[in-house]
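All chains should be built: construct the whole structure from the sequences, respecting the hints.
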Amino acid sequence: MRIGELAAQAGMTRDTIRFYEKAGLVEGRRLPNGYRDFPPETVVWLKYIRTAQALGFSLAEIARNGERLREAPDTAVALSALFEEKIQVIDTRIADLAALRADLAARVGTGCPLRAASPPVRAGDESVAAPTGK
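Position 134 (the sequence shown) corresponds to 134 in the working numbering; numbering is contiguous.
By construction, these hints were calculated from the structure, which means they are not laboratory data.
With a Cα cut of at most 20 Å, we get these calculated SDA-like pairs of lysine to any residue:
| id | residue 1 | residue 2 |
| --- | --- | --- |
| 1 | K86 | D96 |
| 2 | K22 | G66 |
| 3 | K47 | G11 |
| 4 | K47 | N65 |
Structure (structure tokens):
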């Protein structure tokens, strides 16, 4: 099927499909007239890509995991393993963000940490010499 029909069936733009093709996520062959021709199963794969993106998977993860899924004897078990791995990544990120939030909350109202490290420079203060470049 040509790219326009594929885009319509998959619910995305031709540009998106071209981008996925450049990224190596989909593969079409070129017809003698230069048009792209994609197999019908590409529609299902493109919908999988969109769903995986909505679930937080990057395009690199999708490409890598697509190979795993194609080779898996049981895709349901393989998908469950991928989801569990992604949940662990998300849990780690949540813990990191919670720690960052706590650090920021502890600093509210304490002033600028950069200014606390050195005294302010006042105009005409000769005790602070400007760099001479020597």
